[in-house]
Amino acid sequence: MRKSSYLVLAFVVVFFVYWATPNPLAGQAQQSGTLVIDGGTLIDGNGGAPVRDVQIVVQANHITKIGKKGDAHSPDAQVLQADGKFIVPGLWDSQLNFYSYQGEALMNSGVTSFIGIGDDGEAGVFMHEGILKGRILAPRPFDAPVHFQEFANLNGLESPYQQLHVLTTPDEAREWTRRIIALGADIVSFQNGRAPNDVVRAAFEEAHKAGKATIIRSGGPEILTKKAADLGADIIPHSLGVAIEVASGKMPPLPPIIRQVVKPGEVAGMPPGVQQPDELEIRSWMDEAKVPGEIKYLVDHHVNLVPTFIEKAMGLQSGWQRFEEEDRLTLGNEALQVYYPEERRLTLLANYADPLHLRPRNHDVHEKGYRNALLFHKMYIDAGGHVLAGTDGGNNAFPGPGLHHELEILANDAKFTPMQVIQATTKWPAEAVKHEKEVGTVEVGKYADMVILNADPLQDIQNLKKIAKVIYNGKPLDGKYHPWYNASNPFGGSGFAGLPPIENLGFTLIVKTANYREGRVAGVAPGRLPQPGIESIDTQRHDFDDDQMSKVAVREGGPTLRLKITGFNFFDRTQVYFDNMPIPYELRGITEIDAIIDEAYLRKPGRYSIQVKNPPPAANLNWGDGTSNTAWLLVSYKDSLPKKVSQARR
Numbered sequence: 001m002r003k004s005s006y007l008v009l010a011f012v013v014v015f016f017v018y019w020a021t022p023n024p025l026a027g028q029a030q031q032s033g034t035l036v037i038d039g040g041t042l043i044d045g046n047g048g049a050p051v052r053d054v055q056i057v058v059q060a061n062h063i064t065k066i067g068k069k070g071d072a073h074s075p076d077a078q079v080l081q082a083d084g085k086f087i088v089p090g091l092w093d094s095q096l097n098f099y100s101y102q103g104e105a106l107m108n109s110g111v112t113s114f115i116g117i118g119d120d121g122e123a124g125v126f127m128h129e130g131i132l133k134g135r136i137l138a139p140r141p142f143d144a145p146v147h148f149q150e151f152a153n154l155n156g157l158e159s160p161y162q163q164l165h166v167l168t169t170p171d172e173a174r175e176w177t178r179r180i181i182a183l184g185a186d187i188v189s190f191q192n193g194r195a196p197n198d199v200v201r202a203a204f205e206e207a208h209k210a211g212k213a214t215i216i217r218s219g220g221p222e223i224l225t226k227k228a229a230d231l232g233a234d235i236i237p238h239s240l241g242v243a244i245e246v247a248s249g250k251m252p253p254l255p256p257i258i259r260q261v262v263k264p265g266e267v268a269g270m271p272p273g274v275q276q277p278d279e280l281e282i283r284s285w286m287d288e289a290k291v292p293g294e295i296k297y298l299v300d301h302h303v304n305l306v307p308t309f310i311e312k313a314m315g316l317q318s319g320w321q322r323f324e325e326e327d328r329l330t331l332g333n334e335a336l337q338v339y340y341p342e343e344r345r346l347t348l349l350a351n352y353a354d355p356l357h358l359r360p361r362n363h364d365v366h367e368k369g370y371r372n373a374l375l376f377h378k379m380y381i382d383a384g385g386h387v388l389a390g391t392d393g394g395n396n397a398f399p400g401p402g403l404h405h406e407l408e409i410l411a412n413d414a415k416f417t418p419m420q421v422i423q424a425t426t427k428w429p430a431e432a433v434k435h436e437k438e439v440g441t442v443e444v445g446k447y448a449d450m451v452i453l454n455a456d457p458l459q460d461i462q463n464l465k466k467i468a469k470v471i472y473n474g475k476p477l478d479g480k481y482h483p484w485y486n487a488s489n490p491f492g493g494s495g496f497a498g499l500p501p502i503e504n505l506g507f508t509l510i511v512k513t514a515n516y517r518e519g520r521v522a523g524v525a526p527g528r529l530p531q532p533g534i535e536s537i538d539t540q541r542h543d544f545d546d547d548q549m550s551k552v553a554v555r556e557g558g559p560t561l562r563l564k565i566t567g568f569n570f571f572d573r574t575q576v577y578f579d580n581m582p583i584p585y586e587l588r589g590i591t592e593i594d595a596i597i598d599e600a601y602l603r604k605p606g607r608y609s610i611q612v613k614n615p616p617p618a619a620n621l622n623w624g625d626g627t628s629n630t631a632w633l634l635v636s637y638k639d640s641l642p643k644k645v646s647q648a649r650r
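Going by the working numbering, the first residue of the sequence shown is number 1, and it counts up by one from there.
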């Protein structure tokens, strides 16, 4: 009896330690007290002359004083000596597909803020909150749970926040814009230029009423850049649409875009129609006589362009070989390799193997298009327009180091001045998302996001990489990589196509077509159970005002949960797993299970896997080993999305 009592006590202690352990990295951004940066030259991001021998005082996470080196300060302050160094605002990546594993590489590169595209769904809502409240150490997000478009091949089972949401009417646009803003969205984004004008206008008007930024990839055919400006766009990712609008009349007509319709349970084939030309090919037809009018129109409408040269012109940049060396060096860090998904690392490095633009059949035309694009954006910035530095990082650019490559392209290939480059990654992005009163420059009253450099970036923009210390949210970071970093983010995931509540829905429906016959599997040996699949989950609670959030999320510390799982091929011998642990359930039928999740498992915020497994031997290994696709139950913070209270940035 005594031995068993000790075993029970030991289990309780271990369980408590696991579920109550605080974020091991949060201390980097949660230390209290006063920070003093004494000495150094301040380049505040406003465009004026640098100021030598400054002293910057930070209390909590805001700048409270900018004075002279040697000024009296609190004796208890943490002091960073910055003599001979240069201080700039925290950097921004203005176009990023953000996932949790990218955070350290971004922050170690001096990136303290980013503008997302809206594709992390319900999990992204809670991750966004956690970052802003200092519970998760990652760059400051300006993002949304979802982006909009006019069409998608959906099966009807997806979450409405699963990376994209289709809008067809102005009323829908207004409703859904209000809905994502209530979930904390900073931006309202359209993925392409095919939505009806009135739908885009309605969404953008609603966004501007709430003080939010508007974004559209205006690549046509319905909406190009000028039309986007008319509709109220603040930011144009990839500068899409410009190339078409300034193209010569001699350019061959672009082939029509034919929409590919794929029914649920079908496999998509090759897209129909003639392949669209590469954008650099279109840019090679630039008519310089059209450029001044295009520039004036967009400048007058205060449109911010994000050219993403690092992604759009791979191989053509003057620093391409050095970019590869630098990426390989960082991706070779042993601590980073522990958590950075291997397929992401391999994909990033594969970009250097055979760049499309360097192939003989493409090179000359694409080189001309690249030079035209550089010229256009230099003319745009010299005319008073704002160009934002962004990478579209994640697939074709390494988030963090890739931003520095983009900055070097702007300086060395496009011939931006060093100050223009600095403002393209500090002040102007903050203005574009309408948060210039809080971030973007080093000024009293703003968030203390700064980068201390060992050399002057106004002499050589590559000096932005010579980082002595990153100050984020008022606290100095250690600049290292930590093997446990990604695990410290409770709402993390590997992407690359969002963080959906139900993974691999499309393939799961194909599996269903092949395997589900109301429990009967033709040609399968008796006793073998067919491949199961999960189609939806429902907490059957209403913890949040948003009905969809309530289906897939519960609050931290709630009571025992009966999670409704719908799908196919569920049997008496089926097992249900929560976070890789078998849990009890009630079988409602071959297509429905109520999983019983004890309240002890709901005490810690996070994104928890749900799987259904049928015991071996598998009925047909071609369709799977008996383990279903993965669903994700979210456990939010206790104070997440308070009911009937609008979400405001802290």
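Treat the hints as calculated values from the structure; they're not laboratory data. You may find that some hints are simply not true.
[Unchecked claim] So the derived label-pair ranges between C-beta atoms look like this: (1) Asn580 <-> Trp484: 15 to 25 Å; (2) Ala353 <-> Gln275: 16 to 26 Å; (3) Asp478 <-> Met251: 23 to 33 Å; (4) Lys65 <-> Ile596: 31 to 41 Å; (5) Gln337 <-> Arg528: 48 to 58 Å; (6) Gln78 <-> Glu586: 22 to 32 Å; (7) Ala600 <-> Ala353: 24 to 34 Å; (8) Lys65 <-> Thr417: 23 to 33 Å; (9) Thr417 <-> Pro292: 40 to 50 Å; (10) Asp460 <-> Arg52: 15 to 25 Å; (11) Lys69 <-> Lys209: 39 to 49 Å; (12) Val274 <-> Asp456: 42 to 52 Å; (13) Glu334 <-> Arg52: 14 to 24 Å.
[What the hints assert, rightly or not] In silico DMTMM-like cross-links for lysine to aspartate or glutamate, where the CA-CA straight-line distance does not exceed 25 Å: (14) Lys290 <-> Asp230; (15) Lys434 <-> Glu175; (16) Lys250 <-> Glu367; (17) Lys209 <-> Glu158; (18) Lys415 <-> Asp300; (19) Lys551 <-> Glu436; (20) Lys604 <-> Asp543; (21) Lys466 <-> Asp456; (22) Lys85 <-> Asp53; (23) Lys296 <-> Asp171; (24) Lys378 <-> Glu436; (25) Lys227 <-> Asp382; (26) Lys290 <-> Glu245; (27) Lys469 <-> Asp71; (28) Lys209 <-> Glu245; (29) Lys227 <-> Asp171; (30) Lys226 <-> Glu150; (31) Lys480 <-> Glu367.
Since we're looking at a predicted model, the values are computed, not measured. Ideal Cβ placement from N, Cα and C applies to all residues, glycine included.
ask   = For the pair supplied as a hint, lysine 226 and glutamate 150, is the alpha-carbon distance within the 25 Å limit?
value = 19 Å, holds
query = Is the hinted pair lysine 434 and glutamate 175 satisfied, with a Cα-Cα distance of at most 25 Å?
reply = Within the cut-off at roughly 22 Å; holds.
ask   = Is 14 to 24 Å right for how far apart the beta carbons of glutamate 334 and arginine 52 are?
value = 40 Å, violated
Lysine 85 paired with aspartate 53 [C-alpha distance capped at 25 Å] = 10 Å, holds
query = Hey, lysine 466 versus aspartate 456, does the alpha-carbon distance stay inside 25 Å?
reply = 9 Å, holds
request  = Verify the proposed pairing of lysine 290 with glutamate 245, using a straight-line Cα cut of 25 Å.
outcome  = Judged against 25 Å, a Cα distance of about 8 Å means the pair holds.
key: glutamine 78 paired with glutamate 586, Cβ distance criterion 22 to 32 Å   = Hint violated: Cβ distance 56 Å, outside 22 to 32 Å.
task = Look at the Cβ atoms of lysine 65 and threonine 417 and judge whether their distance stays inside 23 to 33 Å.
result = 30 Å, holds
request  = For the range 40 to 50 Å, tell me whether the beta carbons of threonine 417 and proline 292 fit it or not.
outcome  = 21 Å, violated
query = Within a Cα-Cα threshold of 25 Å, do lysine 209 and glutamate 158 meet the stated pairing?
reply = Violated, at roughly 29 Å.
task = For aspartate 478 and methionine 251, compare the CB-CB distance with the range 23 to 33 Å and indicate the outcome.
result = For methionine 251 against aspartate 478, whose Cβ atoms are near 52 Å apart, the range 23 to 33 Å is violated.
inquiry  = For lysine 604 and aspartate 543, compute the direct alpha-carbon distance and say whether it is at most 25 Å.
reply    = Since the Cα atoms of lysine 604 and aspartate 543 sit roughly 16 Å apart, the hinted pair holds (cutoff 25 Å).
Violated hints for the displayed structure, listed by number in ascending order: 3, 4, 5, 6, 7, 9, 13, 17, 19, 23, 28, 31.
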